[in-house]
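**Student:** Below, each chain spelled out in residue letters.
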Amino acid sequence: MDVAETISHHILDHDWGVVLGGVRIPVTTHSVTIFAVSVLLVLGLAWAARKHTSRGGKLVSVLLEEYVSFIRGGIVLPNMGVEGRSMLPYFCTLFLFILSVNLAGMIPEMKTATSNISVTAALALCSGGIILFSGLKYHGLWGFLKGFVPSGTPGWLVPLIFPLEVVSMVIKVCVLAIRLFANMLSGHMVLICLLLIIFIVGEMSKAAGAGALLPAMGLEIFMTCLELLVAFLQAYVFTLLTAIFAGSVIHTH
Amino acid sequence: MEDLLKPDFGVLVLTVCNFLLLVYLLKKFAWGPVIGALEKREYQIESDKQTAQKARVDAEALKKELDDRLAQISSEAAQKMAQAVAAGQAQKDQLLAEANAQAQRLLAQAKAQIEAEKNKALADVRGEIANISLLAASRVLERQVKDSTAQQIVDQVLKEVEAK
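Each protein sequence line maps, in turn, to chains A and B. The first sequence lines up with residues 1470 to 1722 when you count with the numbering used here. The second sequence lines up with residues 527 to 690 when you count with the numbering used here.
Don't take every hint at face value.
Lysine-lysine pairs mimicking BS3-like chemistry, simulated, CA-CA at most 30 Å apart [as the list claims (entries may be wrong)]:
(1) B:K566 <-> A:K1606
(2) B:K554 <-> A:K1520
(3) B:K575 <-> A:K1527
(4) B:K575 <-> A:K1520
(5) B:K554 <-> A:K1527
Treat the hints as calculated values from the structure; they're not laboratory data.
Using the sequences provided together with the hints, build the complete structure.
**Tutor:** Rendered as C-alpha cells:
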C-alpha cells in the first residue's frame, strides 16, 4: 500500500481538465467546492436577510444579527475603530466563507479547499488588498508610506526601517495564507493517517488490524472534534489578524 | 507530495474572483439590509436614550425649581408666622399696659373718692361732735356764758378732739 499516494489522493486538488478554446479553465475539486459553498452562502444568507427584513423568522433574525454584532463588536471595531464600519461586509463574508470551506471538508466526499495553498493565498491577497485600501483611503499614498516608519525614528535609520516594515507587512499577509493552509492540511493529514493505521496494521495481520480498529477510530473521533474546533479557530484567527493589520495601517504609530 | 506547495495560479485567480463576487453579492443581498436594520435600530435606541436623558434632566430641573419654590414658600411662611407672633406679642403688651394704666387710674380715682368721702365724713363728724359738745357742755354746766366765750371753749374742745 502506497501511503504517500493515498494521502496525496485525498488531500491534493484534482484538475477536471476543462479546456475552452485551448485555454485551461481551472475547474478543480477545490474550485468547485468553493463555488458550491459560495452559491449556498449567497442563497442561504439572502433568504435569511429577507426573513430578517420581513421579520418572518425570529431565530434566523437573531442568529444573523448576533453574527454581524459579533464580527463588528468583537473583531472590526476594537481593531479598526469606526473607520472599519464601511468594511464590515468584507469581514462578515471572510469569516463565514473560511468557516464554511473549512467545514465543507468534514462532509464525506467533499474536500477542504483551505488545505490548498492557492486558495489561502487568494484569500490572503484579498486581505492584503483590504489592508492596502484602508491605508490609502485614510492616509493617501504618502501618508500610507510614512506610516511604515515609526514616529521618532532618526533620519539615518529610515532607509533601513522602511524596507523592513514593508517586508514585515508582506510577510504578515503571506503568513495568513500559510497558517490557514498548514492548519487545515495537517488536520486532514492526521485524520487520514489515523485511518491508514488500521489498513497498514491489517495488511500485516488481520487480527492486529481488527485490534487497531477501536483505538484508531477513537483517535479519529477525537481528531474530528479537534478539526471542528480548528475550523472555527482558523476562520476567527484569519479574520481577526486581517482586521488587526488593517487597523495598524489606519491608526499608525 | 511536493505538489502540495505548488500554487495553481488559475485556482488562485478564480478564488479571488469568486470571493470578491461573493463579498459583493452578500453585501448587496445579505449584510447590507441586516447592517442597515441593525444600525437603524441602534440609532433609534440611541435617540430614545438621549430623549429619555433630556427628559430626565428637564424633570430634575423642574424638581429643583419646585424644591426651591417650596423652600421659598416655607421661608416666607416662617417669616410671616414670626411677624404674626411678634405682632400678637406687641398687641398683648399694649393691652396689658392699657389695662394696668386703667387699673391705676381707677385705683387713684377710688382713692380720691375715698379721701373725699372720708373728709366729708370727718367734717360731718366734726359738726356733729361740735353740736353734741355744745349741747353736752350747756347741759353739764347749766349756766349761761357769753357767745364769744362759748366759741372759744368750743374751739378749744375741737382742738383737743383733733389732737386725740
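**Student:** Taking the hints in turn, state whether each one holds.
**Tutor:** Taking the hints in turn, this is what the structure says about them:
Annotation: proposed proximity of K566 of chain B to K1606 of chain A holds, straight-line Cα distance about 25 Å (limit 30 Å). Pair hint K554 of chain B plus K1520 of chain A holds up; C-alpha atoms about 15 Å apart against a cutoff of 30 Å. Distance check on the hinted pair: K575 of chain B and K1527 of chain A sit about 25 Å apart at the alpha-carbon level, within 30 Å; holds. Proposed proximity of K575 of chain B and K1520 of chain A is supported: the alpha carbons are some 28 Å apart, at most 30 Å.
Distance restraint check for K554 of chain B and K1527 of chain A: the Cα-Cα separation of roughly 22 Å lies within the 30 Å cut-off, and the hinted pair is therefore satisfied.
Checked against the numbered hints listed earlier, the structure breaks none of them; every hint is satisfied.
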